[in-house]
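Just so we're aligned, residue 1 is where the sequence shown starts under our numbering, counting upward by one.
The set of hints was computed from the structure by calculation and includes no laboratory data.
Heads up, some of the hints might be wrong.
What the hints assert, rightly or not - Dumping the calculated EDC-like pairs for lysine to aspartate or glutamate here, alpha-carbon to alpha-carbon at most 20 Å: (1) K71 to E12; (2) K154 to E195; (3) K196 to D186; (4) K71 to D126; (5) K182 to E195; (6) K196 to D126.
Said to hold, decoys possible - For each label pair, taking beta carbons as the anchor points, the in silico distance ranges come out as: (7) I192 to L114: 22 to 32 Å; (8) F167 to I192: 22 to 32 Å; (9) Y83 to A194: 44 to 54 Å.
All values derive from a computational prediction rather than experimental measurement.
Beta carbons are placed, not taken as given, at the ideal position from N, Cα and C, and that holds for glycine.
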Amino acid sequence: MWKEIALLIKKEALLEWRQKYAINGILLYVTSAVFIAYLSIGAGQGELQVPFWNSLYWIIILFSAVNAVAKSFVQEHQGRQLYYFMIASPQAIILSKTIYNTALTLVLALLGYLVFSVVFGNPVADHPLFLLNLLLGAIGFSAALTMVSAIASKAGNNGTLMAILSFPVMIPILLMTIQVSKSAIDGLDRGISAEKIITLMAINAIVLATSYLLFPYLWRS
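Using the sequences and the hints given, assemble the complete structure.
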């Protein structure tokens, strides 16, 4: 199965490279969102206060992840899906897309972090904890949105359905990541964030396990 996953990830990367408008559009979204935020609330005011910096950063990353992952199953027409059905297991398909989307979301999060640091300054005191939080947040966002994208694709790629289904799952992940990143920015003792990190890891594990177990039934339809 891992060989299938590696080949499917390579396929995703090749498609992304050939259709550069998709990734370029997402990168443009991140940079333009930060620039608009700077013009509207940051220009002439110096550095943002920490709560605004933290909240604004995660809002932009969340919507960037939604735009990046929403196309996971949209770009796969029925003929290609039938081909995948015959040559790969459904577990390999959902895991490959989740891994690829995690890498893509992590790149977007790091790009947003870089742009935020340049435009608004970098208030983060504990960088390792902040980067660990980025990784866990990228895994959670990608796992949840990939599965929801698969469900929405079976309903005619209904964007409204994707938004409704992803909202209850994304809220606890977003709350945990915001709280942990706030502790990392303030430089608090890591023991304070340990429980939240464990909770975030548990949520990610539940979402990944649910996707792994339920996607084969969805794929057969």
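Check whether the Cα positions of K71 and E12 lie no farther apart than 20 Å. holds, 11 Å
Between F167 and I192, does the beta-carbon spacing fit 22 to 32 Å? holds, 28 Å
Whether the CB-CB distance between I192 and L114 falls inside 22 to 32 Å: Since the Cβ atoms of I192 and L114 sit about 27 Å apart, the hinted range of 22 to 32 Å holds.
Please verify whether K196 and D186 have alpha carbons no more than 20 Å apart. OK: K196 and D186 at ~16 Å, within 20 Å.
Pairwise beta carbon distance, Y83 to A194, judged against the given window 44 to 54 Å: With a Cβ separation near 46 Å, Y83 and A194 satisfy 44 to 54 Å, so the hint holds.
Given pair status - D126, K71, alpha carbons within 20 Å: violated, 34 Å
Please verify whether K196 and D126 have alpha carbons no more than 20 Å apart. This hinted pair holds, its Cα atoms lying about 16 Å apart.
Going straight from one Cα to the other, do K182 and E195 come out at no more than 20 Å? Distance ~14 Å between K182 and E195 Cα, so the pair holds.
With a cut-off of 20 Å on the C-alpha distance, tell me whether K154 and E195 pass. violated, 37 Å
Hint compliance for this structure: hints 2, 4 are broken, all remaining hints hold.
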